[in-house]
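Undergrad: Please build the complete structure, drawing on both the sequences and the hints.
Chains as they are written, first to last, in the numbering used here: chain X, 1 to 254; chain Z, 1001 to 1328; chain G, 2001 to 2106.
Please keep in mind that the hints were generated in silico from the structure rather than gathered at the bench.
Keep in mind that this is a model prediction, so the values were computed, not measured.
Among the hints, a few may not be true.
[Stated by the list, open to error] What the simulated footprint calls covered on chain X by chain Z, stretch by stretch (three residues with Cβ under 8 Å from a Cβ of chain Z suffice, anywhere in the stretch; the number is not a length):
{"no.": "1", "stretch": "22-33"}
{"no.": "2", "stretch": "44-53"}
{"no.": "3", "stretch": "147-157"}
[To be verified] Some, not all, of what chain G presents toward chain Z, calculated at C-beta under 10 Å:
{"no.": "4", "residue": "L2006"}
{"no.": "5", "residue": "P2008"}
{"no.": "6", "residue": "E2017"}
{"no.": "7", "residue": "H2023"}
{"no.": "8", "residue": "G2024"}
{"no.": "9", "residue": "S2026"}
{"no.": "10", "residue": "A2029"}
{"no.": "11", "residue": "P2030"}
{"no.": "12", "residue": "L2034"}
{"no.": "13", "residue": "Y2038"}
{"no.": "14", "residue": "R2046"}
{"no.": "15", "residue": "A2064"}
{"no.": "16", "residue": "P2066"}
{"no.": "17", "residue": "E2094"}
{"no.": "18", "residue": "A2099"}
{"no.": "19", "residue": "R2102"}
For every residue, glycine included, the Cβ atom is placed at its ideal position computed from N, Cα and C.
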Amino acid sequence: MTVAALPVAALGELLRSMADDEFVIGFSDSEWTGIAPILEEDVAMSSLAQDELGHAAALYGLLGDLTGTDPDALAYDREPDAYRHCRLLDHGRGDWAMAIARRFLYDTADSARLDALVGGSWAPLADLVGKLVREERYHEMHATVWLDRLARGGNEPRSRLIDALTTLGPDAGTVFAPLPDERALVEAGILATSLPELEARWRAAVEPTLAALDLPMPPPVREPERGRADHGEPFRWLWTEFNTVRRAEPGATW
Amino acid sequence: MTDPLALEPILGPHERGRTAFNDDLPHDERFALFEAHVTAGGKVEATDWMPDEYRTAVLRFVEMHANSELMGVLPEREWLMRAPTLRRKLALTAKVQDEVGHAQLLYRVAEDLGKPREAMFDDLLAGRTKFHNVFHYPTVGWADVGMIAWLVDAAAIVAQQALRDSSYAPYARTMRKICWEESVHIMHGRDVVVTMATGSSAQRAAIQDALERWWGPLMQMHGPRSPREKDRDLYWRIKAKTSEELRQEFLTIYVPRIRELGLVIPDPDLALDDATREWRYAEPDWDELRRVVTNHGPMSEARLAFRRHARDETSWVRDTILASPRAA
Amino acid sequence: MTAASLEPWEVFRQEKEGAPMQHGGSVMAPDAELATHYARELFGRRQESVRLWVVRRADIVDLADPDLLQPPLDRSFKKPGGYVMRDKLAAAREASGQAKPRARSR
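TA: Rendered as structure tokens:
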């Protein structure tokens, strides 16, 4: 694909949405470090968080190349309303059931998104996606193992899981919230399938898993066009935290 | 055909009694054999017979180490969310993850000595067992994060390297793995400190301030001087060096590295005695150490309370893991 | 529902292709599935292994009996070190007037 033919604006929106997703979930999951239910799970969740942050760093790297911006500046130096992560990730950390429900919903959706980007016409992204897909396998393994254990582990874990799925459900499909000029990405062969179509595929993919465990399917997305906007209090708290040191001395090298 | 008697006996006669203490002998005999074995440099595995004194000493030593790794997560954990760049965030998350991993490895060693993990957590959170002094202090800024990762980990690694040949073999093996992993932490810490020390004047001031607050606890960390002959952990070769030997080693390696950054160590008495090649320093506040490790430090109770809360919040998950059957 | 219990699983790791499996340590887990996850985390998260074996400690047969493994009588005839010919070869070379053959280069 020639640089001239590259739909830069649309691609930038896609990269920003994906990078912000990975950045925010990586931060949220890293909150479990030191306080997970058992030591071994603590180490596992921390690896998942590091993977997500590493993916975010790589995606901000691509976005940085595209726009001539430093990746750290992209990750940190925006006002909260300028972040484009999906609303699914705007809920607070919650309990372990919430963490697992969110991981399951996000990882399955991310997987559908990545499948549509594998072998795309812009090589840097296609190459990166090839690597991400391999790393995501472990994430899906972890999420499904825990979904199963919580669903079948007795009254308390099951009801906590159902509560979590019920809370997150209306926002689950926001991973596929419309992006500005998404059509250009499909036409350019960067994205193989439209986002609405991907959402349908994702729902079809998770339905058997949830049905087998008698767990509620996520309902249709509430206000999909706002799916990557309107970040509430939990994200504002996160934003303040991750900017604490950086904003204390803007421009400093750390 | 070669005359068998012409073969030189390359290998000396095997001593049948290498682990004779594992035989069904009277206690005093077993004790004497065990003592001879260990004091001569012999190793002990989890399945060996051990006198109660040895088992108790190893367990106490390992348990405090495990507790320290676990509690050591908390001072840095606050700053995970505040790391100012992607790379620092990744590095710090990996470091804290390693501390948790080390806690796991050490609790495993202690579990195999016969104490269940939950019992160890109960004792830690009730204040019946201890954790190292440095983890009872607050972290007030990013400079502290660098300082801890560098100098606290350095002081710890000096101690841990000396444990790699512990008589208790499971502990020795764990220490080798831990030392290998810790070396990365020190590099990360030093990188943070050097970056700030050569950064803006505010950053340099923050690093100097952090050094001034952490120097006292660092000097107390290895513990008060005690005579070699009186130290039972040394006698049983659970550890190999005295507190003072460790402190001297730390100073020898790290004082030059601190000074080369233009930082001022807040001890005017600190000097290398040319004659003895030993460091002289202002006497550390041993009362402070005693108060702090008995959980009267500035953050002792807050951190224990935080841990108790986290443990209570997640007890339902542990129950779940045990409830669902999965045939192997 | 029968209750599982946490028990130790030993982890063996292979440093690189062709290397022997070596004991790395152990993890506590209620079953093989979680034991495998945790083994990966504790002994493989740094890309330091190419293979892991995870085995329930209770399934391992331990042999440490010195009578079986370190019996007292000389067994040097079972090892290369039990065949020292230096003096005899020196005597033979002297008798035949030949020099010691050069060591093969690598």
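Undergrad: So, for every hint listed, does it hold in this structure?
TA: We went through each hint and held it up to the structure:
no., hint, verdict
1, 22-33, "holds (count 4)"
2, 44-53, "holds (count 5)"
3, 147-157, "holds (count 7)"
4, L2006, "holds, 7 Å"
5, P2008, "holds, 7 Å"
6, E2017, "violated, 21 Å"
7, H2023, "holds, 9 Å"
8, G2024, "holds, 8 Å"
9, S2026, "holds, 6 Å"
10, A2029, "holds, 8 Å"
11, P2030, "holds, 5 Å"
12, L2034, "holds, 7 Å"
13, Y2038, "holds, 9 Å"
14, R2046, "holds, 8 Å"
15, A2064, "holds, 7 Å"
16, P2066, "holds, 6 Å"
17, E2094, "violated, 19 Å"
18, A2099, "violated, 25 Å"
19, R2102, "violated, 26 Å"
The structure fails hints 6, 17, 18 and 19 (numbered hints given earlier, in ascending order).
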